[in-house]
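Enquirer: Chain residues, written in single-letter form:
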Amino acid sequence: MEANRKYSVLLPTYNEKENLPLIVWLLVKVFTDSGLDFEIIVIDDGSPDGTLEAGKQLEKIYGKDKIVLRPRKEKLGLGTAYVHGMKHATGDFIIIMDADLSHHPKYIPEFIKKQQEGDCDIVTGTRYVGSGGVYGWDFKRKFVSRTANYIAQVLLRPGVSDLTGSFRLYKKAVLEKLVESCVSKGYVFQMEMMIRARHFGYTIDEVPIAFVDRMYGESKLAGKEIVDYLKGLLYLFANL
Amino acid sequence: MTKLMQWLAAVGLFMSIWLAIVLDMISLNIPDSKKEILHALPVYILIVFACYSLALIGYRVATFNDCVEESRELKEEIQEAKKELTEKGYKFD
Ligand SMILES: Nc1nc2c(ncn2[C@@H]2O[C@H](COP(=O)(O)OP(=O)(O)OP(=O)(O)O)[C@@H](O)[C@H]2O)c(=O)[nH]1
Ligand SMILES: [Mg+2]
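Respectively, the protein sequence lines represent chains A and B.
Those letters in the first sequence? Residues 1 to 240, by the working numbering.
Those letters in the second sequence? Residues 1 to 93, by the working numbering.
Bound-form chain B, shown alone (with noise of 0.2 Å):
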C-alpha cells in the first residue's frame, strides 16, 4: 500500500464517521447549540494542524545548531592539510 493509499484510506475513515454523524446517521443527541462545532470540524483540524505545523518549523529553524566551533577547526584543519601535503610535494596553484 503506498503512502498515499493509507493517507486516502485515514481521511476517507474520518470524512466517513463525520458524515454520518453530521447527517444523523448515527445518532449521538449532540444539542443543536453544539452542531455547530461539529459541522466546522473538519476545517477546525486543518486550522489546528496548520498552526502546529507552522509552529514547529518555527522552533526548528530557531534551534537549528550553527555550527560555528566545527567551521573554525575545520579551517585550522585546512592550513593544516595544506601545509603538510606541500611538505608530501603537493603542488597548490
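Just chain A, same shape as in the assembly (with noise of 0.2 Å):
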C-alpha cells in the first residue's frame, strides 16, 4: 500500500474509559501491521468516568504524533465532534468509528483496498449486505433495525446498503464539504451525509462490517431515539 498517504482516525468518546485503551491498541495493531501512516485523534467531551485520563497514558505510551488529544468541555454532541476532531487532522483520508468496539479497527485495510481501487470519495462499513452483520442484537432490535432501514431505502433510495452506520473512510475534503452542508443530528447526521454525498456526485463504496454490541459502558436504543429516526427520515424526504 501506498505509503505517502496518511489517515486520520476520528474517535469521538463519551465515558469510554474501558474501550479507548483497547480500541487504540488494536487500531496501532492494524496500521503498524499494514505499514500505513496513521494518527488517532480523540475527542472527549469532558467524560466524567475519566475517559481523558486514559487517553493522556495513551499519548504517553504511543506519542503525541500518534495519539493526539482534542478535548472538548461539555458534552456537545457527536456531529459537532466530527468538526472539532477535523480541524485537528493532518491527514489526507479520515476515518470515522465508534470507540466503543463496535467497529473492529480490522476493516481498515480493507475500506483502504476498495478506496484505492475505484479511487472513491467514500467507503462506507455495511452490516446489511454479504458477510456484513451484528452481534449481540436480540429479535426486536434486528426487527427495528431491519425496517428502519427499509423504509429509508424505498422512500431514499440512496444506492447506500447501510444509512446509519458511523464506520466510514472519507476524503478530508469531501468529508469536510459534507459536514458543513449537513443540519441533522445523531443517527439521521449519518444518513444526510450519504444523501448529499449522492446529490454531490461522490463515490461510495461498501464493505460488509461484522457489529459487536459494546460490552462496556452504557447502552441506550430509546423510544425517543425511533421516534427521531423518523422524523429525520421525513425530513430528508421532504428536503433532498
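Don't read these hints as lab results, they were simulated from the structure.
Predicted model only: the values in this text are computed from it and were never measured.
Please note: incorrect hints may appear among the correct ones.
[Stated by the list, open to error] These stretches of chain B come out as covered by chain A in the derived footprint (C-beta under 8 Å, 3 or more residues):
(1) 2-8
(2) 13-20
(3) 49-61
[To be verified] So the derived list for chain A, only partly shown, Cβ under 7 Å to chain B, looks like this:
(4) Trp25
(5) Ile61
(6) Gly63
(7) Lys66
(8) Thr147
(9) Ala148
(10) Tyr150
(11) Gln153
(12) Ala238
All C-beta atoms, glycine included, are put in the ideal place defined by N, C-alpha and C.
Take the two lone chains, each set in its own frame, and fit them into one complex as the hints suggest.
Expert: Rendered as C-alpha cells:
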C-alpha cells in the first residue's frame, strides 16, 4: 500500500474509559502491521468517568504524534465532535468510527483497498449485506433495525445499504464539504451525509462489517430514538 | 427535485391513468365482470406491496448474520491488549 498517504482516525468519546485503551491498541496494531501512516484524534467531551486521563496515558505510551487529544469541556454531541476533530486532522483521509469496540479496526485495510480500487470518495461499512452482521442483538433490535433501514431504502433510494452506520472512510475534502452542509443530528446525521454525498456526485463503496455490540459502558436504544429517526427520515424525504 | 416530489409525481401519474380508465375517458372495452378488479386495483397494489415488504423484512431479520466468531475473537484480542498495555505501563483500574 502507498506509504505517502496519511490516515486520521476520529474517535469521539463519552464515558469510554474501558474501551479507549483497547480500541487504540487495536488501531495501532492494524496500522503498524499494514505499514500505514496514521494518527488517532480523540475528542472527549468532558466524560465524568476519566476517559481523558486514559487518553493521556495512551499519549505517553504511543507518542503525541500518534495519539492526538482534542478534548472539549462539555458534552456537545457527535456532529460537532467530528467538526472539531477534523480541524486538527493532518491526514489525507479521515476514518470515523465509534470508540466502543463495535467497529473493529481490522476492517480498515479493506476500506483502504476499496477506496484505492475505484478512487472513491467515501467507503462505508455495512452490516446489512454479504458477510456483514451484528452480534448481541435480540430479535426486537434486529427487527427495528431492518425495518428502519427498509423504509429509508424505499423512500430515499440512496444506493447505500447501511445508511445509519458510522464506520466510514472519507477523503478529507469530501468530509469537510459534507459536514458543512449537513444539519441533522444523531443517526439522521449519518443518513444525511450519504444522501448529500450522492447529490454532490461523490462515489461511495461499501465493505461488509461485523458490528459487535458494546460490552463496556452504557447502551441506549430508546423509543425517542425511533421517533427522532422517523422524523429525520421524513425531513430528508421532503427536502432532498 | 426532492424525493417527495418524485413520489408524488409517480403516484399522481398512476392515479390519473387509473382514473381515466375507470371513468371511461380512455376506453379499453373492459368487460363489466373485470371492472371490479380494475376499481380495486390501487388497494390491491397497496396490499401486495405491504405483504412484499413484510416478507422481505422478515427474511432479512431471519438471515441477519450473528457474528459469534467475531465477538469471540474480539474477546481474545481484548485480553491480549490488556496484557500488552500493562507491560507498556498502562494502569487499568
Ligand atoms: N465527543 C463525544 N462523543 C460522543 C458523544 N455521544 C456519543 N459519543 C461517542 O460516539 C460513539 C458512538 O456513540 P454510542 O453511545 O456508542 O452510540 P450507539 O452506538 O448509537 O449506541 P450504543 O453503543 O448502543 O450505546 C462512541 O464512541 C461514544 O463514546 C458526545 O456527545 N460527544
Ligand atoms: Mg455504540
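Enquirer: Output the numbers, in ascending order, of every earlier hint that fails for this structure.
Expert: Hint check: 2, 6, 7, 9, 11 fail, others pass.
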